[in-house]
Amino acid sequence: MGHDVNTHVKNQTEYEYSRRRSANEMRGQVTTFAIMIFLTLIAFTAVYADFSAYLVVPIILLLAAVQVVLQLYYFMHMSQKGHGTTTLFLYTGVIIAFITVLTFLTIVWW
Amino acid sequence: MSSVAQKKGIGSVIWDYLTTVDHKKIAILYLIAGGIFFVIGGIEAMLIRIQLAKPDNDFLSAGLYNEIITMHGTTMIFLASMPLLFAFMNAVVPLQIGARDVAFPFLNSLGFWMFFFGGIFLNLSWFMGGAPDAGWTSYASLSIASPGHGIDFYALGLQISGGGTLIAGINFLVTIINMRAPGMTYMRMPLFTWTTFVASALILFAFPPLTVGLFFMIFDRMFGGNFFDHTMGGNTVIWEHLFWIFGHPEVYILALPAFGIFSEIIPTFSRKRLFGYSAMVFATVLIGFLGFMVWAHHMFTTGMGPTANAIFSVATMAIAVPTGVKIFNWLLTMWGGSIKFTTPMLYALAFIPSFTAGGITGIMQASAPLDYQLHDSYFIVAHFHYVIIGGVVLGLLAGLHFYWPLMFNTMLDETLGKVTFWLFLIGFHLTFFIQHFLGLLGMPRRVFTYGADQGWDLFNLISSIGAIFMAVAVIVLVVNIIMTISRNKLVGRDPWGDGRTLEWAIPQPVPFYNFKQTPLVRGLDTYWIEKQEGNKEGMIYAEPIGDIHMPNNSIIPFIMSFGLFVGAFGALYNGEQAWAVPVLILGLIITFSAMATRSLKDDLGYHVHKEDLMKDKGGKH
Amino acid sequence: MMKGIKKWRLFSLLTALTVFLSGCGAEHLSTLNPAGQVGRDQYNLLLISGAIVTLVIIVVTIVYILTIVKFRRSKVGEDLIPVQVEGSHKLELLWTIIPIVLLLILAVPTVIYTYNLADVSGMEKVDEDGDKKAVTVNVEANLYWWEFEYPDLGIITAQELVVPTQEKVYFNLKAADVKHSFWIPAAGGKLDTNVENINQFYLTFDNSSEGLKDGVFYGKCAELCGPSHALMDFKVKSLDREDFDAWVVNMQASAEEQTLEGEVAQQGEEIFNTSCIQCHAVSGAGSAGGVGPNLATFGDRNRVAGFMDHTEDNIKNWINNPEEYKPGNLMPQPEELNKGNKFSDQELTALAEYLMGLTVED
Amino acid sequence: MDLNTKYTPQSWPEHAEHSTLEGKNKFVGFWLFLGGETVLFASLFATYLALKNKGPSGMEFTTQELFELPLVFIMTMLLLTSSLTSVYAMYHMRNYNFKSMQAWLMITVLLGAAFLAFEIYEFNHYVHLGFTFTQSAFGTAFFTLVGTHGLHVLIGLGWITLLMLRNSKRGLNLYNAPKFYTASLYWHFIDVVWVFIFTVVYLMGMVN
Ligand code: HEA
Ligand code: HEA
Ligand SMILES: [Cu+2]
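Chains as they are written, first to last, in full-length UniProt numbering: chain A, 1 to 110; chain B, 1 to 621; chain C, 1 to 362; chain D, 1 to 208.
Do not take every clue at face value.
Cut-off 25 angstroms, straight-line C-alpha distance, at most; resulting in silico cross-link-like pairs (PhoX-like, lysine-lysine) [stated by the list, open to error]:
| # | chain 1 | residue 1 | chain 2 | residue 2 |
| --- | --- | --- | --- | --- |
| 1 | A | Lys-10 | D | Lys-99 |
| 2 | B | Lys-340 | B | Lys-536 |
| 3 | D | Lys-169 | B | Lys-601 |
| 4 | C | Lys-75 | B | Lys-340 |
| 5 | D | Lys-179 | B | Lys-601 |
| 6 | B | Lys-601 | D | Lys-52 |
| 7 | B | Lys-418 | C | Lys-213 |
| 8 | D | Lys-6 | D | Lys-179 |
| 9 | B | Lys-418 | C | Lys-70 |
| 10 | A | Lys-81 | D | Lys-179 |
| 11 | C | Lys-70 | B | Lys-340 |
| 12 | C | Lys-213 | B | Lys-54 |
| 13 | C | Lys-174 | D | Lys-52 |
Source of the hints: derived by calculation from the structure; they are not laboratory data.
Kindly produce the complete structure, drawing on both the sequences and the hints.
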């Protein structure tokens with residue numbers, strides 16, 4: 001166990017296939033990046049446009065959440081196999097994080 | 001590279017322990033260090049009880065008393081109970097799941113040494129101008145106002161040892177996730193492994209808020225920050241929240257592994273499989289989860305408003321349900337079994353009603369309006385000593401007797417063990433039962449003295465007498481340990497006769513590489529299954545004998561922790577001593593250069609070769 | 001099995017003690033003898049939750065005893081291999097649902113009382129003349145002493161709170177330095193005095209405190225606040241409404257009239273006015289924020305420094321060395337007040353005499 | 001596992017980062033660590049939100065007067081881009097293309113360093129205005145939150161640089177692949193945190 005690694009040598013077709021697949025994936029990553037830039041732009045614009053805070057704040061928070069999901073699932077490959085346990089733990093962290101922020105916004109007072 | 005013990009000089013034994021990355025030896029380190037801190041914390045408790053034995057006593061001065069309760073609470077929670085639990089986790093969990101090693105042997109050692117140096121640092125405060133004196137909760141306005149360096153020792157010491165704890169937690173999590181033997185599915189893991197798993201998850205999520213809170217305190221006290229200074233816009237309630245977001249899960253970090261130990265002992269000495277295994281697992285996870293939703297029950301009187309109080313009241317009560325599930329499943333495990341009253345089993349038996357008594361007073365406190373009366377009174381002191389001693393300490397003592405043969409291949413004396421048990425149990429109830437009433441009669445906690453004739457004199461005296469019983473019990477235990485070590489009567493595999501899980505199937509003393517061949521797990525209580533089927537070897541194997549990869553020993557964790565220890569003095573005296581900043585930098589340099597050495601020098605470990613394995617004793621092929 | 005029985009004997013002994021205790025407990029200090037509605041509500045919750053948890057412990061105990069009596073190895077035989085029962089869904093359900101029901105029974109009054117006890121709307125109610133109907137007290141907790149201001153009545157006192165009976169008394173709680181907690185066990189649960197905000201609640205007192213052991217209820221600081229936290233006691237005097245009103249009038253008048261009897265007291269006043277007046281006011285009319293406790297009612301009080309018996313000797317001891325009696329308190333040592341010297345015994349006597357004469361009750 | 005095993009692009013495993021047990025442990029352990037970091041940053045964010053704009057009486061600094069969005073926008077772009085470049089690096093690692101991986105990592109480091117430079121400039125600017133760590137609770141909370149993130153960036157830079165230097169001669173193998181991979185995860189996490197910082201601290205600081 002442990003130190004033994006499966007030393008599988010790919011044949012040419014397998015090799016090309018995997019190459020192609022990762023190239024495809026990389027194109028997807030660039031698209032993700034474009035979306036993230038776009039979302040950032042919207043967020044900044046929304047603030048500059050000086051709409052009502054009740055409108056802007058939820059929007060930019062939502063945009064942030066989307067960006068984070070993109071980072072996690074695409075850049076950090078959380079959608080791939082083998083991330084089951086780690087996803088569980090990350091979301092547990094997120095829930096606790098959310099509750100923490102929520103309480104600090106409600107029951108730390110002056 | 002053979003496990004056969006060669007005769008070694010004392011120096012090389014010490015060096016071996018300073019550099020070890022073997023989880024079994026780290027377990028022994030945790031046991032020794034935790035044990036020492038337990039005695040220190042216990043002596044502090046005795047001082048408390050002496051001071052309170054009679055009204056208007058002047059055995060301890062007011063300031064000193066506050067230092068002693070603070071150090072008693074802090075030491076017991078951070079430096080005694082948790083490390084002792086880690087001792088058993090390290091000793092048992094890898095073996096229980098059929099792993100050759102833990103996931104991060106190097107980090108495991110680093111975790112220990114950080115805890116150790118943090119603990120030493122904290123305790124050095126006694127000799128360097130006074131210990132922390134704002135209670136183990138160190139509430140902000142007082143801890144910011146507290147003169148001297150006590151609180152600085154608290155914040156820095158806990159920061160260092162907390163880092164160690166976090167590392168240990170991650171290590172256990174990954175070990176359990178990745179290193180289980182083939183066939184050891186999650187739903188076949190012994191309960192001690194499960195509780196270790198959940199407790200480690202709690203550590204992972206609960207320690208960061210403490211880290212942040214302690215940093216705030218360090219910034220405020222040493223670097224001019226304003227988090228808790230209301231004149232500068234700060235807010236002390238932030239500390240309360242951060243502390244309890246950590247603090248409440250912390251009590252389950254203590255309780256759950258203890259539950260795990262009992263969940264091993266009770267089936268073993270009832271010769272019956274754990275009743276409702278999956279309910280037990282589910283309850284464990286649920287307790288862990290709910291543990292994060294209830295922290296504000298420590299703050300009912302802070303003035304959070306009725307809505308928050310009501311929500312946290314009800315959420316807190318919910319924890320009784322999964323805990324009750326556990327209590328009843330333990331009872332039903334024994335029901336229809338064949339109960340043998342060994343010392344560990346006696347502790348387990350005493351645990352059930354004692355912990356229930358502590359738990360139900362917790363439920364009373366969970367009722368916010370009632371807690372307005374109970375909070376910060378001796379009722380609270382009674383509650384948490386009932387759950388902590390009745391749950392955690394009984395669990396530790398049970399585990400000590402139960403796993404001693406696994407760790408040392410000898411057996412603690414049963415007669416002395418039972419003497420300890422009865423003295424401790426009687427002393428415990430005598431000390432703390434009466435304190436419920438002290439609280440109801442209006443006695444606040446954390447008072448260094450109390451005036452006569454308020455109706456508290458007799459009860460306090462009774463309580464102090466109870467503490468003497470506990471002290472005698474601990475002394476008998478120490479005698480027992482010394483006798484057992486000097487007698488050194490080896491016992492071999494499965495000494496209790498009724499072992500059920502994999503750790504008892506392994507030959508004794510446990511080889512340094514654990515399993516010669518990785519076992520194949522066919523169900524819950526593997527060893528029991530194999531024994532029932534008449535398998536003399538106790539396990540079947542998932543692989544042929546092959547080379548085993550082992551990590552190298554390393555002194556680097558020790559040096560890294562030592563660097564932090566040195567650096568902490570620099571931070572502590574920042575702005576006060578000319579040498580402070582250089583020392584801070586020196587410490588960080590030590591740590592970082594040790595780290596750099598680690599990352600620049602490849603450390604690939606070594607292999608135990610097949611031929612040596614075949615020769616090794618215990619290999620019956 | 002002797003051992004098991006011994007343990008249970010201990011338990012039943014302790015249970016007996018429980019019964020015995022609920023009947024006793026000092027009236028001026030015990031939460032088991034509530035002095036007003038708030039304390040009574042909380043006591044009721046104690047009884048409800050106590051009943052529920054007693055039920056729980058009884059059930060657990062019964063199952064427990066049956067188990068260890070019936071299934072000892074010595075009884076079932078050394079070689080028995082018990083049936084390896086996996087579990088039972090029915091039972092799991094049973095011991096999930098019953099506790100839930102029990103907890104709901106506790107949760108309902110808990111939530112109701114939580115909201116009731118937090119209702120301070122009565123504080124703002126005014127009568128036809130625009131005067132506040134209820135008495136409100138601003139409590140400021142200081143390092144080891146308490147200040148009680150009655151903002152609507154223009155009076156102020158310290159260390160001994162005076163409240164009317166048979167009505168809700170409202171409190172605004174605040175700390176001047178570090179966190180403390182305001183607790184009158186007999187009257188009801190505590191509430192913290194924070195440094196950054198004001199906490200509000202109310203208490204009620206059924207009867208005048210006159211008949212109590214010391215004629216007062218005991219109040220405590222319930223949040224660790226420094227070395228002398230244990231000594232940060234205060235006392236509460238509840239007066240029937242008429243007596244209370246009379247007391248208020250006297251207090252309001254205490255600004256003008258200062259009847260001093262005797263030469264010694266006058267000498268005391270002189271010393272006081274040179275050394276002590278910077279920190280201690282002696283008029284009950286005024287507002288909050290004193291550096292030291294207001295001493296207008298000193299002669300009526302029950303204690304010196306909140307916890308020592310009310311004798312002249314203790315006053316003298318206290319002034320002569322406050323640090324010894326309340327470590328860490330902020331009152332200067334006499335040397336600082338008196339050009340580097342201790343007060344002479346004669347001066348101390350004069351001060352004590354003077355202070356004992358400060359009274360608004362007759 | 002043998003360090004000296006040489007690979008070809010054909011024999012290089014698909015998921016080099018967790019194809020050994022050591023790698024898998026590192027991988028899972030690091031993700032768990034990030035779960036803990038999430039809570040750590042949540043505590044900092046929560047505190048910041050509670051203390052935002054709070055200071056001694058007469059405090060003159062508010063988010064709206066202090067913050068300059070154009071600067072923040074540039075910083076955001078730098079960090080977002082560096083996230084993409086580290087994805088490129090991992091892409092080349094997967095293809096066993098060590099040179100390109102190093103090159104992309106280098107770009108990542110440069111972008112990160114530029115981000116850090118702007119941040120230092122920003123902090124310096126505030127200090128000159130009189131808005132310092134010790135000036136108010138707001139100041140303390142702001143510098144602690146944003147500074148902790150900055151510290152993470154610095155550690156990330158150091159980590160990646162060290163990895164590059166250490167392995168520059170050696171090339172890729174199964175011993176260092178998990179290290180590169182976790183370092184890149186760390187870098188993405190830093191970006192995730194920044195997304196919340198620019199949203200919660202800066203943008204929400206500007207809306208009223
Ligand atoms: C191991 C440690 C441990 C454990 C396990 C617990 C368990 C619980 N604790 Fe305790 N607690 C502490 C350690 C612990 N506590 C400490 C150290 C403090 C004080 C800190 C300080 O201020 O210094 C404290 C303080 C504390 C408070 C704050 C009091 C105050 O300061 O005002 C509260 C309030 O709700 C509370 C509640 C509970 C509850 C509801 C449980 C529950 O988990 C208990 C659940 C168990 C049972 C209920 C028994 C078994 C159940 C059944 C048999 C089923 C049926 C039961 C019912 C229907 C009731 N605890
Ligand atoms: C794991 C946690 C733990 C444990 C095990 C204990 C164990 C004990 N505790 Fe403590 N306690 C706390 C955690 C714990 N406590 C905490 C968190 C607080 C709150 C602190 C605060 O307010 O901030 C507290 C507070 C606390 C108080 C209240 C102080 C106050 O509010 O003023 C009291 C008073 O009775 C007390 C007593 C005891 C006693 C008698 C024991 C006994 O069980 C101890 C038993 C052990 C011994 C008696 C060892 C004796 C050893 C010897 C005599 C030497 C023998 C040596 C050799 C042979 C070498 N504890
Ligand atoms: Cu709790």
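Structure-based check of all given hints:
For the proposed pair Lys-10(A) and Lys-99(D), the alpha carbon gap of about 22 angstroms is at most 25 angstroms, so the pair holds. For the hint linking Lys-340(B) to Lys-536(B), the alpha-carbon distance of about 24 angstroms falls within 25 angstroms, and the restraint holds. For the hint pairing Lys-169(D) with Lys-601(B), the CA-to-CA distance comes to about 14 angstroms; that is within 25 angstroms, so the pair holds. A threshold of 25 angstroms between alpha carbons decides the hint, and for Lys-75(C) with Lys-340(B) the separation of about 10 angstroms falls inside it, so the pair holds.
A C-alpha spacing of about 14 angstroms is found between Lys-179(D) and Lys-601(B), which places the hinted pair at or below 25 angstroms, so the restraint holds. For a cut-off of 25 angstroms, the pair hint linking Lys-601(B) to Lys-52(D) is broken: about 46 angstroms separates their Cα positions. The straight-line distance between the Cα atoms of Lys-418(B) and Lys-213(C) is roughly 48 angstroms, outside the 25 angstroms bound, and the hint therefore fails. A threshold of 25 angstroms between alpha carbons decides the hint, and for Lys-6(D) with Lys-179(D) the separation of about 18 angstroms falls inside it, so the pair holds.
This hinted pair checks out: Lys-418(B) and Lys-70(C) have alpha carbons roughly 22 angstroms apart, not beyond 25 angstroms. Restraint check: the Cα-Cα separation between Lys-81(A) and Lys-179(D) comes to about 20 angstroms, which is no more than 25 angstroms; the hinted pair holds. A distance of roughly 12 angstroms separates the Cα atoms of Lys-70(C) and Lys-340(B); the hinted pair therefore holds under the 25 angstroms criterion. A distance of roughly 22 angstroms separates the Cα atoms of Lys-213(C) and Lys-54(B); the hinted pair therefore holds under the 25 angstroms criterion.
With a C-alpha separation of about 23 angstroms, the suggested pair Lys-174(C) and Lys-52(D) falls inside the 25 angstroms cut-off, and the hint holds.
When each numbered hint is compared with the structure, violations occur for hints 6, 7.
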